[in-house]
Amino acid sequence: MDFDIIFGNAARAAFGPEAVILALAAIGLNVHFGFTGLLNFGQVGFLLLGAYGTSVSVATFGWSLWVGVVVGLVLSVALAVALGFPTLRLHAVMFAIVTIAAAEIIRILIGSTDAIGLTGGPLSVSFDAGAFYDLNPYPDGPHDRYGVGTFEFTGQQMWVITVGWVLVALVSLVVYLIVSSPWGRVLKSIREDQDAARSLGKNVFSYKMQALVIGGVIGGMGGVIDAIKTSGADPNGFRPQVTFFAYTALLLGGAATYFGPVLGAILFWFLREWIESFLRQLSAEAWLPDAVADFLSGAEGVISVAMVGLTLVLLMLFRPQGITGNRTEMQLDAR
Amino acid sequence: MPDDVMPPPESASAEAEIEPILTVPPVPGAPKPNPLLVVDDLSRSFGGLRAVDVDHLEVERGVVTALIGPNGAGKTTLFNLLTGFDRADTGRWSFNGEAVVAPSPDQLARKGMIRTFQLTKSLAKLTVLDNVLLGAPRQVGERLSAAPFRSRWQDQEQANTEKAGELLERFNLAHMRDDLAGTLSGGQRKLLEVARALMADPVLIMLDEPMAGVNPALAQSLMGHITRLAFEGLTVVFIEHAMEVVTGISDWVVVLAQGQIIAEGPPWKAIHDEVVIDAYLGRRRAEAGS
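Protein sequences, first through last, are from chains U and C. Residue 427 is where the first sequence starts when you use our numbering, and the numbers rise one by one after that. Residue 628 is where the second sequence starts when you use our numbering, and the numbers rise one by one after that.
Isolated chain U, as found in the complex (with noise of 0.2 angstroms):
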């Protein structure tokens, strides 16, 4: 058992593009759910439009990267209005439906047969992302790694993740200069009780759909950096539990703060992967009985998810305002 591995994994994986996806994913929703009080179960619709956008753009029309990265995002608006306009006036739970339908409705159709010629298919698409990478300013010999020990990137990854962290912050910066505002102010009043903001004159459509719009190219920001990454797209990487995780490493992190999402996407990759390579160098112990040595490899993945899923529950129960969240604003909920 080498925890030095462990823990170089787990801290790699904190801080590597995942998280800075899962982060734009969770400020996302945090601007939506956390704010705004929409439930938004189709986040991961912004992120493939984002990641689809770009790589579509590239590989099929022969664009340039940047364009590539613009019709990702402009997709991901064009998404948050065609949602927003006949969902935003329904109840919460019919504009939850509704967002988890589009977004599966998306992945479906362009990971159908048909649509291979455009976007792959179920092939998934690929495409060179060497205009991002020509920009690194990381050496990237075969040999140069930074970091410390088993904690250590690559140079292209460096520069994946210097530009993610980079990305992600600003983002939080904008989301809090504007959600700390008179504008914000108006958000969480439609939060808390949108018949009194009517009350007091605030357009309330207006205020949801610029949030969702807001939220939803953050994510679909998370979906560029993922294409980039990855240097394309699967339509698998799309699924439904990608909101899920994104939901998750919020109320971890604690919805309605600003750094919240930020450090529940950094500890939500840490405890997966710690769990994963835990198990992993578990059932290579000697002394571990076959039969669970063989239960084990291989589901390591499974298991530490569903660990993950476990200390979502821990977590309502006996912290349900998240790790930075305010427990007395929690609390007013029973009231």
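Note that these hints are calculated values from the structure, not bench results. Just so you know, these numbers come straight off a predicted model, no measurement behind them. Note that the Cβ used here is the ideal one computed from N, Cα and C, for glycine as well. Mixed in with the good hints there might be a few duds.
Said to hold, decoys possible - Which residues of chain C face chain U? A partial, calculated answer using Cβ under 8 angstroms:
id	residue
1	742
2	760
3	762
4	769
5	809
For chain U, the structure is supplied; the task is to place chain C on it using the hints.
Just chain C, lined up with the frame of chain U:
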């Protein structure tokens, strides 16, 4: 009565103008000298039940009007219709000299028709101060394009905060301004909601049972506030069940029963009207008594 009989929106001194209302004949649908709100043929049915069926109603400007009636008379439904929270089946109304077309609650509120709710809608996870600040009209910082730039809205926010502070002082909530509204008592929430409504610079304030659940001392002070508001020129319409409140602070009473206006008049007349007693207590008792 059609819209053309509307008098011009005049700015006559509000104080001491309680008098003209006393010249109005105490009959349902009576025309008023200077109406702020004029309602015609307003109806709303739920299934077979005609919840509201008002032929004509005028609300006099700068006066405290009480809307009373037995449970289920349609008082709150009438509020909901007039403020755009519910859609009328038929009817038209004008507010402040302007016909209300395709009413939406936020538009009407921006025109100065501000209501409160029977079940208080305090925003639990916002501070008391933020609750009141939310009421402020025409906030630059509520536009997304200005929100990130503090310098563009902080002066207005500062002025609003001062005004909110005064309102909280007036309603004895100043010491709780930084507490979350969810921690207030039921009565304090009622006061907060009225303070928030006043922050919106209303022309007409519509209070749905403002005294319900408020302890007698607080209710007394709230009644004082309402009289003072009317004195300052605000038009007040409120729904109330407690007769001592109605007689205490209203200048005019409109009685609703089964969706219809059955009586109108100054409080001392209206609540002794035989039709009103019938409506509250049932015809049989009235007949037996006669």
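Hints versus structure:
no. : hint : verdict
1   : 742  : holds, 5 angstroms
2   : 760  : holds, 7 angstroms
3   : 762  : holds, 5 angstroms
4   : 769  : holds, 5 angstroms
5   : 809  : holds, 3 angstroms
Of the numbered hints listed earlier, not one is contradicted by the structure.
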